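2 protein chains.
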Amino acid sequence: MKHFIFTALLILLLTPCQAQKIIGFKTANTSKQLSLEKAFEDKISTTNLDAWMKRMSAEPHWVGTEYGKKNVDWMAKQFKSWGYDTEIATYYVLFPYPKIRVLELKSPTSYTAKLTAVPVEGDTYTEQGSALLPSYNAFSTDGDVEAELVFVNYGIPADYEELERRGIDVKGKIVIAKYYGSWRGIKPKLAAEKGAIGCIIYSDPKDDGYVMGDVYPKGAFKNKTGVQRGSVMDMPLYPGDVLTPGYAATKDAKRLERSKAPTITKIPVLPISYEDAQPLLKALEGPVAPNAWKGGLPITYHIGPGPAKVHLKLEFDWQLQPAYNVIAKLKGTDFPDQWVIRGNHHDAWVHGAADPVSGMVALMEEARAIGELAKNGQRPKRTLVYCGWDAEEPGLIGSTEWVEDHKQELQEKAVAYINTDGNGRGFLSSGGSHSLQAMVSEVAEAVIDPQKNVSVKERRIARDLTNGGNDKFELYALGSGSDYTPFIQHAGIASLNLGFGGENAGGEYHTIYDTYAHYKRFKDPELAYGATLAKTAGRIVLRLANADVLPFEFKQWHSTVSEYLEEIMTQCDKMRKEADKHNSLLEKNVFQLAADPTKPFTPPAKKASVPYLDFSPLQNQLAVLEKSIHAISLKNFNELPAKQRSELNALLLKSEQTLTDDSGLPRRGWYKHQIYAPGFYTGYGVKTLPAVREAIEQEAWEEAQQQIVKLAGTFRNFNTHLENILSISGK
Amino acid sequence: MKHFIFTALLILLLTPCQAQKIIGFKTANTSKQLSLEKAFEDKISTTNLDAWMKRMSAEPHWVGTEYGKKNVDWMAKQFKSWGYDTEIATYYVLFPYPKIRVLELKSPTSYTAKLTAVPVEGDTYTEQGSALLPSYNAFSTDGDVEAELVFVNYGIPADYEELERRGIDVKGKIVIAKYYGSWRGIKPKLAAEKGAIGCIIYSDPKDDGYVMGDVYPKGAFKNKTGVQRGSVMDMPLYPGDVLTPGYAATKDAKRLERSKAPTITKIPVLPISYEDAQPLLKALEGPVAPNAWKGGLPITYHIGPGPAKVHLKLEFDWQLQPAYNVIAKLKGTDFPDQWVIRGNHHDAWVHGAADPVSGMVALMEEARAIGELAKNGQRPKRTLVYCGWDAEEPGLIGSTEWVEDHKQELQEKAVAYINTDGNGRGFLSSGGSHSLQAMVSEVAEAVIDPQKNVSVKERRIARDLTNGGNDKFELYALGSGSDYTPFIQHAGIASLNLGFGGENAGGEYHTIYDTYAHYKRFKDPELAYGATLAKTAGRIVLRLANADVLPFEFKQWHSTVSEYLEEIMTQCDKMRKEADKHNSLLEKNVFQLAADPTKPFTPPAKKASVPYLDFSPLQNQLAVLEKSIHAISLKNFNELPAKQRSELNALLLKSEQTLTDDSGLPRRGWYKHQIYAPGFYTGYGVKTLPAVREAIEQEAWEEAQQQIVKLAGTFRNFNTHLENILSISGK
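Here the protein sequences line up with chains A and B, keeping their order. If you read the first sequence in my numbering, its first letter stands for residue 1, the second for the next number, and so on. If you read the second sequence in my numbering, its first letter stands for residue 1, the second for the next number, and so on.
If we strip away everything but chain A, and leave its shape as in the complex, we get:
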């Protein structure tokens, strides 16, 4: 045996030029693929990116605007010119436009919020006046309320626990919350659950203003008038058109009554600037806010309630608007019924130079280059579907309606969905299905960083290492916040989300300052990372399109999912210890003794003790999976005969779907995926193994145990699928 190893080593060492290997490619096809990718990269031009960005972001173009339609027609024309079969898939979706927005401080002083960001010198785009969409939160309900104000920090569950400890109730009050800490839609959702009748969200300068850096136009950050727009639709319940849950919003679709639409907020919500927030916050009395709640305004942050009393009046024009998705197909030579889908949205809150145009133009340049290669006879083996989504901003509407419309076909044909959105300068950020991690890692090793001349993977890891992280390349798990959501979480299509950033901080997000002028000064001035994004996503598309065996790898999936389970089990133990410790302190009267008697104090409640859950069904299934996955890893699928490879690919294409369950997650059946979901109380933030994890977080122990069993069933199905894969090679 020893002799054998030695000989093998010798052979390896003596091989003069070891051919590079890439996942999913026969040795014979590898260098051809790499040459193709090189040719593709050589065609990427930053000049196009720059010109197209300038064009697409010249005017505001939210869903339903004239300029939005102009962009759609222009994009479709471009795709067609590059050889794509292009159609515009139109849906009719509810979209509220703000008619009345009033926010007044009524007492003890009076102030009327301006609700308008100012144009700035050197950026003519900000001077378009009434053409700019007024700042508001889409899918806030109409409302006219007046009440005392309460400051609730970020307005997330932990903040309400803190309020409870101080005996402060928001029932019948209007809350004011800072942006960040969660996805914005969580703030009015929770506030309403707690009995508040209105919700104001503002950008605090500590998180998003002068504390971060110089403000626009001197620097990139949010000036005192800037307001972040954004949707507050209850997307963790379901995204997409609020009136057509789970099915396409076609012209004649049956629609819910608006008053019955469950994803419209229960209370009116309005986002404001820090200039408008300051008089309101300053007028609050009551306890001083905890240190972690304090922002960067030059005031003492008090919680209230009151004496500040505010009046909030909101009325929207609720209209159906046409949402235009541009769908451009390049038919594959060998496997036309296997689709590699690539998407970015095109609608913006205002000009959207960064969000979404920077990503959209990278997608287009990528499509152009691949189209050119196809014209030169290097057409991909599988069909490519390039998508420009409309109405992403109000709630992932364009993509969701399209996925709902084509769900069955997608589940038959879609190999994977690769998403991008706004792009910046710096480091590769990549999230998605962990069965694709190994492939993405290889691509990240192949793409060169434009600033440092090393691979984007090496640079990403360098950043992780300097931040105290490790040197592993890992995909983050997908929550929500962009158009991958309907693909992965509803249809079970393996998905990725890609972008560059970390060196382009600014405060322009969803404001009138997200302009071409701002982008060219502060985000990715040379569009160099736009080109790098095109190269990264394009290589991934080309590998998925041309692979002999679809490049899914399950060892990394297994270790990641095992870590998720480990996390949850540790979390459970931690909760148990904390509850026990808390209760023992409570018994000793420690909280009461430590409290300052001159301040209001509500003794904390006794915590329910945390039972021991039976995680063994999951542990056992993961052990079974580990064996199957190990067995798969020993196979050399790439060199199988074509027929078997074809069967294999058909199975691989569906592997992610076996991780879904058609009944969905508890209380939100639209979300089918059992590994990844946006958190019910975090919004964009992901919850992995969500049904089990969230039941534990909510201390719903019986449900947690049921969901463990259900998830173990999902793992079992996945294993059956892997066994089918294994059996192919055995033939």
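Note that these hints are calculated values from the structure, not bench results. Worth double-checking, as some hints may not be accurate.
All copies of an identical chain are treated as equivalent in the list; a pair is satisfied when it fits inside any one copy or across any two copies.
Claimed, not checked - Below are the EDC-like pairs computed for lysine to aspartate or glutamate, each with C-alpha atoms no more than 16 Å apart in a straight line:
#1 K294 x D207
#2 K599 x E503
#3 K218 x E285
#4 K171 x E146
#5 K381 x E193
#6 K588 x E458
#7 K282 x D214
#8 K452 x D596
#9 K581 x D471
#10 K381 x E445
#11 K309 x E161
#12 K577 x D405
#13 K654 x E553
#14 K38 x E372
#15 K710 x E127
#16 K588 x D464
#17 K607 x D580
#18 K114 x E626
Treat the numbers as computed from the prediction; the structure is a model and nothing was measured.
We have chain A; now place chain B onto it with these hints.
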């Protein structure tokens, strides 16, 4: 055996009233002592505290003022009236009074700092105009400098490392540093070492202003005009009169030339308000400060250097001033040559209602009550020495000169020194020699918290537990910052520092707002904790004064010192791992790859690798000590015959001194104690096992190894002393 235990238990259970035990008292004397303490407590009156505070803080009374002398004469008269032999011990000490204070922003804009806090409504004390001491830092050198400004965060070593990473040098510049993060004197000391030519210190509203809470007079916190005065004398080198290091500043003492005094700063230093700081900071450009550096002003914090250019001119009137210590003795009945010393300073920067008067009046009320008991025939067995120190604020001058003057006598007679200073409301804070920890713990169990009606120990532990701490009662180790320093660190007298706080936050410290009016609203309005402080310190004084065997206990000393050694060893390992990791990242070029190429970047330097030190001399000596201490713990010293007890007490009295080394700490021979010292680069902050710890922190490996050997020698001497103690009981 089982039967025996059962019987023993039964006896215990059946004993109707188990007599309480207190450390150092014969069973026969215990209840008498407890009754005495009870009688003492019953005499404590908050009415006196209130009236005396109002009187003493009616006018400013820094060293050398007329009102200060009036307070001294009045205090002396009081002590005399209570039966104390009272003298005024006078020293002649250098004290600078600010003649010229100019701070101007010269470019790019211009601003002249106001340097004056405003009087506020409802507090007439703040209206005394020119009678208020102008804000300044005592023992700043004279100077007239003009240069570009650099923001250096807190101006501590880690901040200069951060500047270095950004390639920013302060040579020839004026630095502006925030208060806090270290004792203030460290800021000009380090700035001068780094080549700066001037230093401005300001109170940032995040640490000390509106971010903390409402500002004076609405709330307790620092308004925009408030300035913290304070000494910047290089106290970590030696405290006390700058011209007479190590000996008393008597009238005819030989004095250093002022230009040769090593504890006067090398560069001019001026403290300013945040109102005055804002225009200066706003005029800075250059890199945005790291997040941890940012304060609470409504600006973007930049580092500079420049373009802000400032002019700083300071001139002081350097005069010798008489410092009057009030020394009041109550001769002991049985052991008149064993002194229990109790002190608090009486000088203030301005009115000093909190600092120091709140502590001074508690000391006086305690002395009055004990004096009354003495008049009624309950005179303590040992001599009590009550001290009111002058000139503490400019540099612990009154106490240091007195200790230097009486060092030999103190080392013969002093049982312990118990210090207090400004007092507030809330939780017992107690630091000191760990051989006194067990006794302090017993006293803390006996004194009742005035708000919660449990012992002050129980309440302190409740707070620790709610803050995530444990339920052990522990003394913190003494660094510096009050008058215990010459006692413990120079003369080796076992010392304690006591106070209450945690529920009296405010921004009055060393400002014109530390007034009776402020104290009565925000600190300890009923003076209830003033009374509790008198009770706590008084019980400690009475136990030390009357104990049959001086209440030193070494088991807790041993476990604490063992923890210090453990900390240092862990720290060493951590430094080694960090250096190795840092160097391995450096080799991989990770820092350069992760850096933003559009920002200045200086690659970090390679770190010297950390050798393995031989800690075994300390480990071995601690093992030996553990045995001796265990043997002592088995003895019942209390019941020894009087003669042996007398020998024993003579040894116990000197036990702390065996922890000193006459050669002192490296480069600062004034500091003799080998277990506790203020940090050379932290100022007030303690460094335990300082010679070893600081050598390691400074990466002076050879010195660290030498100091390990030296410290082991100190431990050996201590053990010899303990063996002598043991041998007494063996007689």
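Against the structure, the hints come out as follows:
1. In this homomeric assembly, K294 and D207 come within 16 Å of each other (Cα to Cα) both inside a single copy, at 10 Å, and across copies, at 12 Å.
2. When the C-alpha separation of K599 and E503 is checked against a cutoff of 16 Å, the pair qualifies only between copies, where the shortest distance is 10 Å, while the shortest distance within a copy is 45 Å.
3. In this assembly of identical chains, K218 and E285 lie within 16 Å of each other by CA distance solely across copies; the values are 12 Å between and 34 Å within a copy.
4. With identical chains, the CA atoms of K171 and E146 are at most 16 Å apart within one copy only, with a shortest distance of 13 Å there and 58 Å across copies.
5. Taking identical chains as interchangeable, the C-alpha atoms of K381 and E193 are never at most 16 Å apart, the minima being 52 Å within one chain and 69 Å between chains.
6. In this assembly of identical chains, K588 and E458 lie within 16 Å of each other by CA distance solely across copies; the values are 10 Å between and 54 Å within a copy.
7. Taking identical chains as interchangeable, the C-alpha atoms of K282 and D214 lie at most 16 Å apart only when they sit on different chains, with a minimum of 11 Å there against 24 Å within one chain.
8. Within a single copy, K452 and D596 get their C-alpha atoms only as close as 56 Å, which misses the 16 Å cut-off; across copies the closest is 10 Å, which meets it.
9. Within a single copy, K581 and D471 get their C-alpha atoms only as close as 37 Å, which misses the 16 Å cut-off; across copies the closest is 13 Å, which meets it.
10. In this homomeric assembly, K381 and E445 never come within 16 Å of each other (Cα to Cα): the closest approach is 23 Å inside a single copy and 82 Å across copies.
11. Within a single copy, K309 and E161 get their C-alpha atoms no closer than 23 Å, and across copies no closer than 48 Å, so neither meets the 16 Å cut-off.
12. In the homo-oligomer, the alpha carbons of K577 and D405 never lie at most 16 Å apart, since the shortest distance is 48 Å inside one protomer and 57 Å across protomers.
13. In the homo-oligomer, the alpha carbons of K654 and E553 lie at most 16 Å apart inside one protomer (13 Å), although the nearest pairing across protomers, at 73 Å, exceeds that limit.
14. In this homomeric assembly, K38 and E372 come within 16 Å of each other (Cα to Cα) only inside a single copy, at 14 Å, whereas the closest approach across copies is 97 Å.
15. For the homomeric pair K710 and E127, neither the shortest alpha-carbon distance inside one copy (56 Å) nor that between copies (75 Å) is at most 16 Å.
16. Taking the closest pair of Cα atoms, K588 and D464 come within 16 Å of each other only across two copies (13 Å); inside a single copy the shortest separation is 44 Å, beyond that limit.
17. In this assembly of identical chains, K607 and D580 lie within 16 Å of each other by CA distance solely inside one copy; the values are 8 Å within and 45 Å between copies.
18. In this assembly of identical chains, K114 and E626 lie within 16 Å of each other by CA distance neither inside one copy nor across copies; the values are 60 Å within and 72 Å between.
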